[in-house]
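Asks: One letter stands for each residue in the lines below.
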Amino acid sequence: MSGLRLLVGAAAVLSALLVAIALAVGIGEMPIAPATTLAAVTNRIGLTEIPLRRIEEAVIWDYRLSRALLAALCGAGLALSGAILQSLLRNPLAEPYVLGISAGASTGAVSVMLLGLGAGTVTLSLGAFAGALVAFVFVILLAGTGQAADRTILAGVAASQLFNALTSWIVSTSADAEQVRSVMFWLLGSFAGVRWPDVWLASGVVAAGLAVCIAHARALDAFTFGEDAARSLGIDVRRVRAVLLAVTALMTATMVSIVGAIGFVGLVIPHAARFVVGPGHRRLLPATALTGALFMVLADIASRLVIAPQILPVGVVTALVGVPFFSVILYRARRAA
Amino acid sequence: MSIAATDISWASGGEAIVQGVTLEVREGETFGLLGPNGSGKSSLLRVLAGLRVPQSGQVALDGADLRAMAPRRIARRIAVVEQHAATDIAISVIEVVRLGRTPHHGILSGWTAEDDRIVEKALARVDLGHRRNQPFHTLSGGERQRVQLARALAQNPTHLILDEPTNHLDIQHQLEILALVQALPITSIVALHDLNLAAMFCDRLGVMKAGRLIACGAPEDVLSAAMIADVFGVRAHVAPSAHHGRVHVQFLR
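Top to bottom, those sequences are chains Y and D. Counting in this note's numbering, the first sequence runs from 2 upward without gaps. Counting in this note's numbering, the second sequence runs from 2 upward without gaps.
Chain Y extracted, bound-state conformation (with noise of 0.2 Å):
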């Protein structure tokens, strides 16, 4: 693919991406016009002075702006994960979901949460951080870090299942019926109660993220034969892992401490980037990065439509597109094999 249509391509996926947050804002009991939208940014930055009626000033402003932003952020930094842990795990399943990494970080979030250690948003997310990281750890210490591709999946399923068991554990013995309700629907994710600060902090850490995962752009290329040809090739395997697992644990942590745990993310949108851009992580990386926000803030858009008023956990959303895509690789990888 040439220069030229890569950056015409880059151009059109951003411009959809403002389109899908204008039209997310503007969903709800009070709908808003993207033009109302667009007057309240450029209001705020001092560009314009349109007069706004107040009550869609303090709506897009207070709750839509801040929940749509945080959707293409979390959207951006699961699947920047899942591309990372994909090519760092020589492994096409891989992603935070699957290999449990969300649960432990649900785990560590819902213990922080209920065991009364503080419900601040930096507590929940260095609980979550924490236990992201004990997942992880986990997982690669079952698996090892060897070719394997079916231990690396089996390890995160045995992941999943010691960390949600866990979860459950701590919300049936210290949860009340109202607490158990906000923390199954947080588990399956959701943007509702999204502020400000939560914005600040997902936008820094997805930033931070990006940053350091382009800049070993070139190493992930050279994993694609695997670890001992990454060395020959000069790559310092065990630093370049270890920063980068820690990067994923991150994005992954905070992004659950944030929102809960979403899934299939992480799976589905590095292939589709891949599909486009082909394996380069130079390219594939921002890719990924911008098709992940304009997948997570569509997915939202369809959370609150599908049964309106009601509204699905966004989780759920992600999952129906993601379990076919999920089940395409699959047989492809066993026909393969």
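Accuracy of the hints is not assured; some may be wrong.
If you only want the chain Y side, here are some residues facing chain D, beta carbon under 8 Å, derived [what the hints assert, rightly or not]:
#: 1; residue: PRO93
#: 2; residue: ALA216
#: 3; residue: ALA223
#: 4; residue: THR225
#: 5; residue: PHE226
#: 6; residue: ASP229
#: 7; residue: ALA230
#: 8; residue: ARG232
#: 9; residue: LEU234
#: 10; residue: GLY235
#: 11; residue: ILE236
#: 12; residue: PRO280
#: 13; residue: GLY281
Residues of chain D placed beyond 10 Å of chain Y at every Cβ, according to the derived structure [to be verified]:
#: 14; residue: LEU62
#: 15; residue: LYS122
#: 16; residue: ARG126
#: 17; residue: ARG133
#: 18; residue: GLN173
#: 19; residue: GLU177
#: 20; residue: ASN197
#: 21; residue: ALA237
#: 22; residue: SER242
#: 23; residue: HIS244
Since the hints were made in silico from the structure, they are not lab data. What you are looking at is a predicted structure, and each value in this text was computed from that prediction instead of being measured. C-beta: ideal position from N, C-alpha, C; glycine also.
Starting from the structure of chain Y, add chain D where the hints point.
Replies: Chain D alone, transformed into the frame defined by chain Y:
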């Protein structure tokens, strides 16, 4: 431009795989490593390439300890062609060869015309320019091996380490690959199964048995009926070939 191993031992899972090997490979020569399966050839090659760190002894590249060198510096000097390079990723031939430029680039350095020139030259050397855009996994075994060789050459190495590069190839491609390696103006270390190909293409041979290097020298000195009986457990008749002048091994029933 030599590579020298001094009394190296490497064990894995409590099992000694390479034991007390001392070996010097001279500048520009093609050195063949022989031995039955499980004799430690692959492991010795990995230690020589700096991919495994020996528990004792040291490997020196032009007198410098390999352990003290950064992976990137080693990769600019030593290139490795594995026995079986496989991937699930739909990567094209030219992209595989470009991987060879990895050790010559830092995080920020961009791709240059010089890189393109080196990649094209490597691809032409293995005669696969016409396959440049084909997916790697659709190639035949011999073509994959040649692409990996091109990738190794794109590293611009002074040393080339090949682990049974002729495995699973038909005889024509076996001869092609080895003739290509022998003609390269760099130092090569090749693990081989076929004693006659080793005799034809290598300047010197080393023989591994149960992790030890038990013989080392010119093909006519190393390849003897006694050695073959001892190491491989088969009877053979060894005589100079009337056609190429090197020794030739005929197995006996």
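Asks: Does each hint hold? Answer for all of them.
Replies: Tested hints:
1. PRO93: holds (6 Å)
2. ALA216: Since chain D brings a Cβ to about 5 Å from ALA216(Y), closer than 8 Å, the hint holds.
3. ALA223: holds (5 Å)
4. THR225: holds (5 Å)
5. PHE226: holds (5 Å)
6. ASP229: Hint on ASP229(Y): holds, closest Cβ of chain D at ~6 Å, below 8 Å.
7. ALA230: holds (7 Å)
8. ARG232: This interface hint holds because 5 Å falls under the 8 Å limit.
9. LEU234: holds (4 Å)
10. GLY235: Check passed: Cβ of GLY235(Y) comes within 3 Å of chain D, closer than 8 Å.
11. ILE236: holds (6 Å)
12. PRO280: holds (5 Å)
13. GLY281: Hint holds; GLY281(Y) Cβ to chain D Cβ min 7 Å, cut 8 Å.
14. LEU62: Holds: least Cβ distance 14 Å, greater than 10 Å.
15. LYS122: holds (18 Å)
16. ARG126: holds (19 Å)
17. ARG133: holds (14 Å)
18. GLN173: holds (25 Å)
19. GLU177: Correct as stated: the minimum Cβ-Cβ distance to chain Y is 22 Å, above 10 Å.
20. ASN197: Since the minimum Cβ distance to chain Y is about 29 Å, ASN197(D) lies beyond 10 Å and the statement holds.
21. ALA237: holds (34 Å)
22. SER242: holds (35 Å)
23. HIS244: holds (37 Å)
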